[in-house]
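Undergrad: Construct the entire structure; sequences and hints are all you get.
Listed below are the residues making up each chain.
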Amino acid sequence: MDSILYLLGGFATALEPMNLTFAAIGVMLGTAVGVLPGIGPALTVALLLPITFKLDPGGSLIMFAGIYYGGMYGGSTTAILLNTPGESASVVTALEGNQMAKRGRGGPALATAAIGSFVAALIATAGLAFFAPILVKLAVKFGPWDYFGLMLIAFITVSATFGSSPLRGLTSLGIGLWLGLVGIDQLTGQTRLAFGVPNLMDGIEVTTLAVGLFALGEALFVVSRHAFSDDAPMAIKGSIWMSREDWSRSWRPWLRGTAVGFPIGALPAGGAEIPTFLSYTMERKLAKRPEEFGHGAIEGVAGPEAANNASAAGTLVPLLTLGLPTSATAAVMLAGFQQYNLQPGPLLFVQHPALVWGLVASLFIANVMLLVLNLPMVGLWVKLLKIPLPWLYGGILVFASMGTIAANPSVVELLMLVGFGFLGFVMRRYDYPVAPAVVGLILGPMADSQLRRALQMSLGDPMILLQHPGSATMIGIAVLALIAPFLFKGLSRFRQDED
Amino acid sequence: MNKFVSGLGAAWLAALVAAAPASAQDLELAITAPAGAGGGWDSAARSLQEVMMATGNAKSVQVINVPGAGGTVGLAQFVQGADGKSDQLLVGGITMVGAIITNDAPYDLTNVTPIARLTGDPLVVAVPASSPYQTMADLVAGIQKDVEHTIWAGGSAGGADHILAALVTQAAGVDPAKVNYVAYSGGGESLAAMLGGQVTAGVSGYGEWQGQIRSGDLRALAISYPEPIEGIAAQPLKAQGYDIELVNWRGVFAGPNVSDDAKAKLEEAVAKTVASPEWKELINARGWSDYYAPSAEFTDFIASETDRVGSILKSIGLAD
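Taken in sequence, the protein lines are chains P and S. The first sequence runs contiguously to residue 499 in our numbering. The second sequence runs contiguously to residue 1320 in our numbering.
Any given hint might turn out to be false.
If you anchor each label on the Cβ, the simulated ranges turn out as follows [said to hold, decoys possible]:
no. : chain 1 : residue 1 : chain 2 : residue 2 : range
1   : S       : Asp1108   : P       : His295    : 49 to 57 Å
2   : P       : Trp391    : S       : Asp1261   : 49 to 57 Å
3   : P       : Met402    : S       : Asp1138   : 51 to 59 Å
4   : S       : Gln1240   : P       : Leu373    : 51 to 59 Å
5   : P       : Ala32     : S       : Ser1215   : 36 to 44 Å
Hints were generated in silico from the structure; no laboratory data involved. Just so it is clear, CB atoms sit at the ideal spot from N, CA and C, and this is done for glycine as well.
TA: Below, the structure written as structure tokens:
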């Protein structure tokens, strides 16, 4: 009951005109940097730290939270409209979102992303308010073996779901896993496959691969087909708002996405990517019309976008209760706490309840503001798609290269982008799905270090993966997901033989 | 005579740039933080930026993030880009010393000009609250009994945390190559492993685990600072009879081949900044400890740290 009292007090704090202003500034800044390539929310918060030093802690932390949520949301806009995911968490959004945009349904795609983000963040923030202390106790029990099991599920389901056959999916995943080996190994500090190139020492940047495979590969593919098609601009068909059918197809994915995103986001090494992949796979399996997936199914935008924002709220659980930043933005926010001599951790809720609950309340308010700010913008954004194709794709090429250069000013990075662009073109040409490659690059290094950590703790005994019930269950699910399709296929063939 | 001539030369140079009188207040600096936003070097660079500008020791300061490979990517770029330049600084620290050795980096800290050592933070050796180990002596006895099952958690491989775990193992009379050290990407993730009871002991910057130590979720056994620190109950390893000291220090460097004049100017600006009450207040708020040393002392210090870190990394098999 104390929680509710504190939360009401928090709303009183957050609704002060000054704090409302801070939330509004944060949300706008966040959306802007999310849309602009190259500048992420982490850098924005870092740049603002010295300026906010003179402000009161409540106000500036509220603003940072606004930037965080805004950035998460803004990233999806470019993914949907331009097939250029600004961050790894919006890679999945680009899959169906961009297909929808191409079919003239950019408006509903943006709307379901906005409303889904709102719903997810609202529920997840409530979860943060009431379950943070309990959740964190469970989250730290999640050992390296459990993480490995979780990633195994993600690998299998993703490569089995994307593409026309599991073999093609696995091939693409393999490319990603191989690329993920490049760079300094976390457990030994030794360099792998960098060939003395300093830019490769920290591994291959996920956004470089994603933008190369998605945006550049797509642009090249469209150019190569250009001779065979007329280049009418993508027309906007029907309403730019969501129809009744869109609503009824969206609300379940929103809730399921939230249910996946929040707990995984709350894990100290969970992140925002795994839940978006899992949510996409889940929606595809549960969809009434799975054949629409890959051609602009609204469920494939609604679910992952909700998962993305729910996990953003989830990462605040370890930040506030343990002082444990699980994303770059959270790390900068931690520095923000420290400059006011506040130590996030088990004592923060006890020592500074007004501040914590003020922050939680302002997250709710930031959410409402995001929705108010973004829904009217949808109409404006979709106008982008009326640009003639050659211009649009030319613009995407400029946008993609600029973003890569801004994030990492080096020639090597740009050459890699072009190389991945060609790879993306070849994969598209021969019908290999590109998403599993990105999944491999993101999760490969994580799975690698988690497995080796587990083995280090068991002194090399692989049975440790099966001794813990959590990891044993997850590995079981992964194995089932791998063999089940073949089993069913074999079984139906067997039955046919009998007939 | 020589001094007189160079003095004359400096005066002539100063006259040449008469439009800008040669005082520290006119410095327009760019500080390279060889890490992404949010890390220790980034916040050190941004703190320096803030206080240098607030105290008027520099007119403008810009922070550039060049993340990667324990700071060695930023170092390489700095060595190439700041050659002979009087307006470029780089932040670095003990982790960079280790990364240069383990990555076999093309440039090391002898390629840059040390300006000043700024801060030094104690590391803490801790165990989960549920651990049977109550004191440092218990942990050392545990290491002697079964070094392989004494699982350590800490930051990146070859970093300061790893080195301290190796030094403790060595002090227990066990081969440091046997240390079972599980590397995490920073104090946060290793904290989760500690609270989850997946490891025996852990090493981290004291500040990062401070909250859990105060709340009793972790038990601090010792700190690595040479002397006791006010407000920290855990005693130094030295005071507990182990001849170990390790400080997570950070400092600033100028580029290679910087003129004596420009170097002196940078040294003065940093020295004045560090002496200001604003700096004291800021490092207190961040939970850092003042560990200032001027250029000459810092240069010797880096040489001895490089030797020490190199030999311990060799003994744990991360360098050859």
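Undergrad: Please go over all the hints and tell whether each is borne out by the structure.
TA: Consistency of the hints with the structure:
About 55 Å separates the C-beta atoms of Asp1108 (chain S) and His295 (chain P), a value consistent with the hinted range of 49 to 57 Å. For Trp391 (chain P) and Asp1261 (chain S), the Cβ-Cβ distance of about 54 Å falls inside the hinted range of 49 to 57 Å, so the restraint holds. Between Met402 (chain P) and Asp1138 (chain S), the C-beta spacing of about 58 Å keeps the proposed range 51 to 59 Å intact. The hint said 51 to 59 Å for the Cβ distance between Gln1240 (chain S) and Leu373 (chain P), and at roughly 58 Å that hint holds.
Checking the proposed 36 to 44 Å range against Ala32 (chain P) and Ser1215 (chain S) shows it holds: the Cβ atoms sit about 39 Å from each other.
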